[in-house]
Amino acid sequence: GAGVSQSPSNKVTEKGKDVELRCDPISGHTALYWYRQSLGQGLEFLIYFQGNSAPDKSGLPSDRFSAERTGGSVSTLTIQRTQQEDSAVYLCASSVAAGSYNEQFFGPGTRLTVL
Amino acid sequence: SQKIEQNSEALNIQEGKTATLTCNYTNYSPAYLQWYRQDPGRGPVFLLLIRENEKEKRKERLKVTFDTTLKQSLFHITASQPADSATYLCALTSNNAGNNRKLIWGLGTSLAVNP
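Heads up: the sequence lines are chains A and B, in that order.
Letter by letter, the first sequence follows residues 81 to 195 in this note's numbering.
Letter by letter, the second sequence follows residues 55 to 169 in this note's numbering.
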């Protein structure tokens, strides 16, 4: 079956522009996570959605970052007024439900480069 | 402060040998610990999950141990193959209520299996 997909796979933008990154989770998965991975750094949690509950936004690094999940499926991560330090690989993952006992299925990531 | 540590140096071993990777943590009381594999340019892939009350878990050539006294998990790959070459990540969650839905990730250890 289809796994988690993300688009675009690569995004190059100029400093100050807004970008939108998309994630299509596995059908039926109620939990969706966004992470950021910089070179030589670990996975940095950004936000997660679980069903109809309010998302946990505690990992978003600034108010320039936001995310939404429409209809409990597709999610979009938006970065406004991008900065060079936003350059990283943005990974999306989904799981059957939120919970530390559930494995997470990752997409291939979107590599964001801010010039 | 809370910390997860994995061997920062790459591990090089000969094909057929057993690879052992270490994940140490401090100031956590994890309920679950997971191991993932990450290949270059791809998202992590789940391998094994072990619970705090389990000492050992096996899956084919993989074995994970969890010592809550030492605050350490060991990940073993027996009869290693060049195809096992990748970065291996450990991730855990605290069993603190309200914070048990997010995984905290180590930086990963790079494994190279030489033919």
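Calculated from the structure, these hints are not laboratory results.
Some clues are possibly wrong.
With a Cα cut of at most 20 Å, we get these calculated EDC-like pairs of lysine to aspartate or glutamate [what the hints assert, rightly or not]:
#1 B:Lys117 with B:Glu59
#2 B:Lys156 with B:Glu114
#3 B:Lys71 with B:Asp121
#4 B:Lys117 with B:Glu69
#5 B:Lys71 with B:Glu59
#6 B:Lys109 with B:Glu69
#7 B:Lys117 with A:Asp104
#8 B:Lys117 with B:Asp138
#9 B:Lys111 with A:Glu183
#10 B:Lys156 with A:Asp136
#11 B:Lys109 with B:Asp121
#12 B:Lys156 with A:Glu165
#13 A:Lys91 with A:Glu165
#14 B:Lys156 with A:Glu124
#15 B:Lys117 with B:Glu106
#16 B:Lys125 with B:Asp93
#17 B:Lys57 with A:Glu124
#18 B:Lys57 with B:Glu106
#19 A:Lys97 with A:Asp136
#20 B:Lys156 with B:Glu69
#21 B:Lys113 with A:Asp104
#22 A:Lys95 with A:Glu165
#23 B:Lys125 with A:Asp136
#24 A:Lys91 with A:Asp104
Residues on chain B that point at chain A, a partial pick, calculated with CB under 7 Å [what the hints assert, rightly or not]:
#25 Tyr82
#26 Gly97
#27 Pro98
#28 Phe100
#29 Lys109
Idealized CB from N, CA, C, for every residue including glycine.
Holds or violated: are the alpha carbons of Lys156 of chain B and Glu69 of chain B at most 20 Å from each other?
-> 35 Å, violated
Has the given pair, Lys57 of chain B with Glu124 of chain A, been kept, meaning a C-alpha gap of at most 20 Å?
-> Holds, because 13 Å separates the two Cα atoms, which is no more than 20 Å.
Starting from Lys156 of chain B, check that the Cα of Glu165 of chain A is at most 20 Å away, please.
-> 24 Å, violated
Compare the distance between the alpha carbons of Lys113 of chain B and Asp104 of chain A with 20 Å, and conclude whether the hinted pair is satisfied.
-> The given pair, whose Cα atoms are some 29 Å apart, is violated under the 20 Å limit.
Classify the hint on Pro98 of chain B as holds or violated, based on whether any CB of chain A lies nearer than 7 Å to its CB.
-> 5 Å, holds
Pairwise hint evaluation, Asp136 of chain A against Lys125 of chain B, where the allowed Cα distance is 20 Å at most | Outside the cut-off at roughly 28 Å; violated.
Please work out if Lys125 of chain B and Asp93 of chain B have their alpha carbons no farther apart than 20 Å.
-> 27 Å, violated
Measure nothing beyond the straight line between the CA atoms of Lys117 of chain B and Glu106 of chain B; if it is 20 Å or shorter, mark the hint as holding.
-> With Cα atoms ~15 Å apart, Lys117 of chain B and Glu106 of chain B stay inside 20 Å; holds.
When the nearest CB of chain A is found for Tyr82 of chain B, is that gap smaller than 7 Å?
-> 12 Å, violated
Does Lys156 of chain B pair with Glu114 of chain B here, judged by a C-alpha cut-off of 20 Å?
-> Roughly 27 Å between the alpha carbons, so the hint for Lys156 of chain B and Glu114 of chain B is violated.
Straight-line alpha-carbon gap Lys111 of chain B to Glu183 of chain A, limit 20 Å = At roughly 15 Å apart (the allowed maximum being 20 Å), Glu183 of chain A and Lys111 of chain B satisfy the hint.
Pairwise hint evaluation, Asp104 of chain A against Lys91 of chain A, where the allowed Cα distance is 20 Å at most = Status holds; Cα separation ~17 Å.
Consistency note: the structure conflicts with the earlier hints numbered 2, 3, 5, 6, 7, 12, 16, 19, 20, 21, 23, 25, 29.
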